[in-house]
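Q: In order, the protein sequences belong to chains A and B. For what it's worth, the working numbering labels the leading residue of the first sequence as 1, then goes sequentially. For what it's worth, the working numbering labels the leading residue of the second sequence as 1, then goes sequentially.
Mixed in with the good hints, there may be bad ones.
[To be verified] Looking from chain B toward chain A, a few residues come up when the C-beta cut is under 7 Å (computed):
| hint | residue |
| --- | --- |
| 1 | VAL91 |
| 2 | ALA243 |
| 3 | VAL245 |
| 4 | GLY254 |
| 5 | ALA258 |
| 6 | CYS263 |
| 7 | ALA264 |
| 8 | THR272 |
| 9 | ASP275 |
| 10 | GLU290 |
| 11 | ILE297 |
| 12 | TYR349 |
Hints are computed from structural coordinates only; laboratory data are not their basis. Every residue, glycine too, gets a C-beta built ideally from N, C-alpha and C.
Okay, here's what each chain looks like letter by letter:
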Amino acid sequence: MARIDWPDTPSLGAELDEFRLRMRTWIAENRPPELDVLRDWNPYMGERPTEVPEVARPAFEEWTRRLRAARLICAEWPSEYGGSDFTPIQAAILAEEMEAARAPVVTRGPGELLVGPAVLAHGTPEQKQRFIPGIISGQDRYCQGLSEPDAGSDLAAVRTRGEVEGDQIFITGQKVWTSEAADATHIIVLCRTDPSAPKHRGLSVVLVEIDPRYVTMRPLRQMPGGAEFCEVFFERAPAPLSSVIGGLNNGWRVVLTALSYERGGAATVHHLRFRQEVAALAELIRWRGRAADRRQLAWAYAQVELMRYQGLRLMNSLHEGLPPDNGSPSVRKLFWSEYHQRFCAEALALLGADAAAAPSEFRERIRGWRELYLWSRAETIYAGTSQIQRNIIGEQILGLPREPIVRGGEQS
Amino acid sequence: MGRQLRAYLGRHWPMSRVRELVDAAPEKQVALRREGTGDEMGLRGLLVPSSLGGLGAGQVELGLVCEELGYALYPGPAFGTVAMAVNALLVLADGPARDELLRRIVDGATVAVAAFDQADGWVANGAALRAEQGPSGWTLTGTKTLVVDGVSADVVLALAATGDTLRLFSVERGAAGLTATALDVLDPTREIAQVEFRGTPAQPLSGDVGASVDAFLDRARLALAAEQVGVADRCLTMSTEYAKVRTQFNRPIGSFQAVKHMCADMLVAVQTARDAVRYAAWSLDMDRPEAARAVCIAAAHAAETGQRVAADTIQVHGGMGFTWECDAHFYYKRATANAVLFGDADHHYQRLADLLERDLDEER
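Use the sequences and the hints to build the structure in full.
A: Right, dumping it as C-alpha cells:
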C-alpha cells in the first residue's frame, strides 16, 4: 500500500513535546501486534466508522481494555468521572500519535460525541456521576433521538412530546436518522415539554433507557444499500424526571451544546481521517490512472493539508486561551464535506465504465470505491446541510442579514 | 504591521489614485509608478539583513506585506524589489557586489528580477539568456520575459546560462544593448516587461545556482500567492458590503441565500488560502522539510480561488459589476493575471505531484 509522507505538527513547547513522547511510548508498548493485520484498514470510510474485521476483533477488544485502563478513552473528560482531564491540545496530540502508529481509534460514538459534552456542560453533579462513567466504560451505548421526519434543518420544530407525570416523564413520538441504534442501550431525546411556549423555549433533552416495550426501532434503508440508520417510535416511553438534562424547557440550549461537537481536540485533528484515503487514491492511480491523474492526487493531498492548517489555527487559539473564531465549525464542515464528495467522485471516475459495471475479479475493490462515493452524498446533509452552513457563515461571520421569518401557518 | 500598512495604503493609495495611474499616458505612467516604490512605507529593507541596514524580516512578514499590497491593488514597483529582488539576492547571491545591491535597495533603488526565459511552462533555466565572459567582463545576450517592474527598474537581475551552469547577474539601467519593453497586459495596474539583452555588460553575483533557483522561485511564487489572498480579501469585503446595502424586492440582496452563499464561499476561499500562504511562509522561515510542498499548495490554491472570488464579486455586484466605474474589474484582472504569472494551478499541482512521487518511489 502506498505510504504518503505527511508533515509533523510543529512543536508547541517542551512540556507538550514531552507529553507527545509519553503518548507515543505508551502506544508502542500497548498496541497489540495482532492489530498489524489492520494496517490497511480504515477506521473511517471518510466519516463513517467501519466495522473491525472479524480476524482482528479479539485484539481490538484487548486494545480497548488497555485504553480504558489507562483512561485514554474520553480522555478530555474530568478524571472525577473516569476521564483524564486532558486539554484539547493533549487530546489532539494523542489522536495524532494514534494515527501515526496506525492504532485504531476507539470511540464511544454518540455517547462521546453528543451526550457526554451535553451532560458535562448542563448536568448536575449527580447526573454526571450517573451518566458519564457508563459512557466511558461502554456499558451505556447511546444513539441520537433528535431529528424527525418534519424537523431536520429546522430541529426546533420537533413534535415528539415529553409529558411530565409526577417524578416521571413519558415520551411519545417519532425520531429518524438514528445511527448506531441496533446496539444502543440509551437514546438522547429532544422533546417538546411545553407546547404552549414559543418554539425554541418549550423543549427538553432527556436521556432515555431503551425499553423495547415502549421503544421500537425500525431500520431505514439507505442509498448505499445498508440500514445503519433507524426510525424510532416512542409510545409513552418512561424516564425518570431526573434524566432531564439542564432542566425542563431548557432543551434548546442543551441540544446546541450537544451539536457543537466540532469542539476541542477532535476538531483540530479532523483531517487525520482523510489521510488514509489519499494513500488509497495513490494506489488507485497506480492501478488505473494515467499520467494526468497525478494532479488529482496532488489536489487531494493539498486539500487534506488545508484542513490541517485550519486545525492548526484552532490549536493555536486553544493553546493561547483565545476563543475560537466565530462560525469556524461551519467553515470546516463545509470544506471537508464538499472536498470529500469531490474526492469520491473523482476517484470513482478513474474506474471508468467499471464503476457502473464491475468485472468479477475486481468486484470487491470497486465496490469499496462505489460505497464511499454513495455514502459521501450524506456528508453535505447530516450535521447541518451545506446550505445551512453557508447561511451560518454568511450571517455569523459576514454579518449578512437573515431572510425574513415566516410565522407558522402563514402564507408567504 | 498589517493593519498599519492597510491604513496607510487606504489613505495614500486609494483606488482613485490607482485609476489615475491606469488612465495616464504611458510615458507618464512610469513616473507615476515610480512614486510608489514602497519607499514611503519603509518596506524596501523588509527582508534585508539588519547588518546592511534592513529589518531582517522573513517570508511571514513579506506575506503580510504582499497581502496588503494586493488588498490595495498597489500599482507601484514594490513587488519586484521587495518580494523578488531581495529574495533573489539573499537566496542566490553572495559577496560584496550582492551586499552593495542590498544597500542600494534600502536606499531606494528599484530592482526587477528577469527570471523566466519562456512563458510556456514558466521555464527559468537560462534557456533564452546566455552569459559570456570576455576580456572586458561578462556580457548577456538573449531575452527574458514576465519581468515584473522591468521598465521601472534601476537595476535588472537576470538568470543566465553560462555553459552548463546557471548564474545570477545584475545589469544597470541604460546599459548598452538593454531594452525593456512593456508587454501588453490584461491587468493595467501592474507593469510586466520583456527584457532584451544584446551583448549587455553585466556583473556576476553568484556561482552556479541551478540547485537553489527553485528556492528563490518558491519565495516569489509564495509572495504572489500572498498578494492574491489580499486581492481576494478585498473582493470579499466589497461583495459583503454591497450585499448589505444594495436592496431589491424590498430587502438587502445579501438576505437572499443565492447571494449570501456566494459570499460564504468567498469567505471559505479567502480563509483557506490565507492559512496556506501563512503556513508555507512559516515553513520557509523555519526551514521545514515540507516547505516546498507547502508552497505548491499555497500557490495552487491561491491561484484558483483568487480568480473565482474575483469573478463572483462581479456577479454579486450585478450590472454595476460589469462597469469600468466599479472597482471589481480591476481586482478581477489582477486576480486572473496572478493566477497564471508564475505558474497556473495545474503547474503547481504537477510540481506537488512530482514531490509526492519521490516519496512513493522511495516507499517501493
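Q: Going by Cβ atoms only, is CYS263/B closer than 7 Å to chain A?
A: 6 Å, holds
Q: Using 7 Å as the Cβ threshold, decide whether THR272/B counts as touching chain A.
A: 5 Å, holds
Q: Can we keep the VAL91/B interface hint, with Cβ of chain A closer than 7 Å?
A: Where the cut-off is 7 Å and the nearest Cβ of chain A is about 22 Å from VAL91/B, the hint is violated.
Q: Against chain A, is ASP275/B within 7 Å by beta-carbon distance?
A: 4 Å, holds
Q: Can we keep the ALA264/B interface hint, with Cβ of chain A closer than 7 Å?
A: Since the shortest Cβ distance to chain A is 4 Å, the answer is holds.
Q: Under 7 Å, Cβ to Cβ, is where ILE297/B needs to be relative to chain A, so tell me if that hint holds or is violated.
A: 4 Å, holds
Q: Given VAL245/B was flagged as interface, is its beta-carbon under 7 Å from a beta-carbon of chain A?
A: 11 Å, violated
Q: Given a cut of 7 Å on the nearest C-beta pair, is the interface hint for ALA243/B held or broken against chain A?
A: 6 Å, holds
Q: Interface hint check: ALA258/B, Cβ to nearest Cβ on chain A, cutoff 7 Å. Holds or violated?
A: Constraint on ALA258/B not satisfied, violated at 10 Å.
Q: Hint TYR349/B vs chain A: min CB-CB distance below 7 Å?
A: 4 Å, holds
Q: Go through the hint on GLY254/B and say holds or violated, using the shortest Cβ distance to chain A against 7 Å.
A: 4 Å, holds
Q: Does the nearest C-beta of chain A fall within a distance shorter than 7 Å of the C-beta of GLU290/B?
A: 4 Å, holds
Checked against the numbered hints above, the structure violates hints 1, 3 and 5; every other hint is satisfied.
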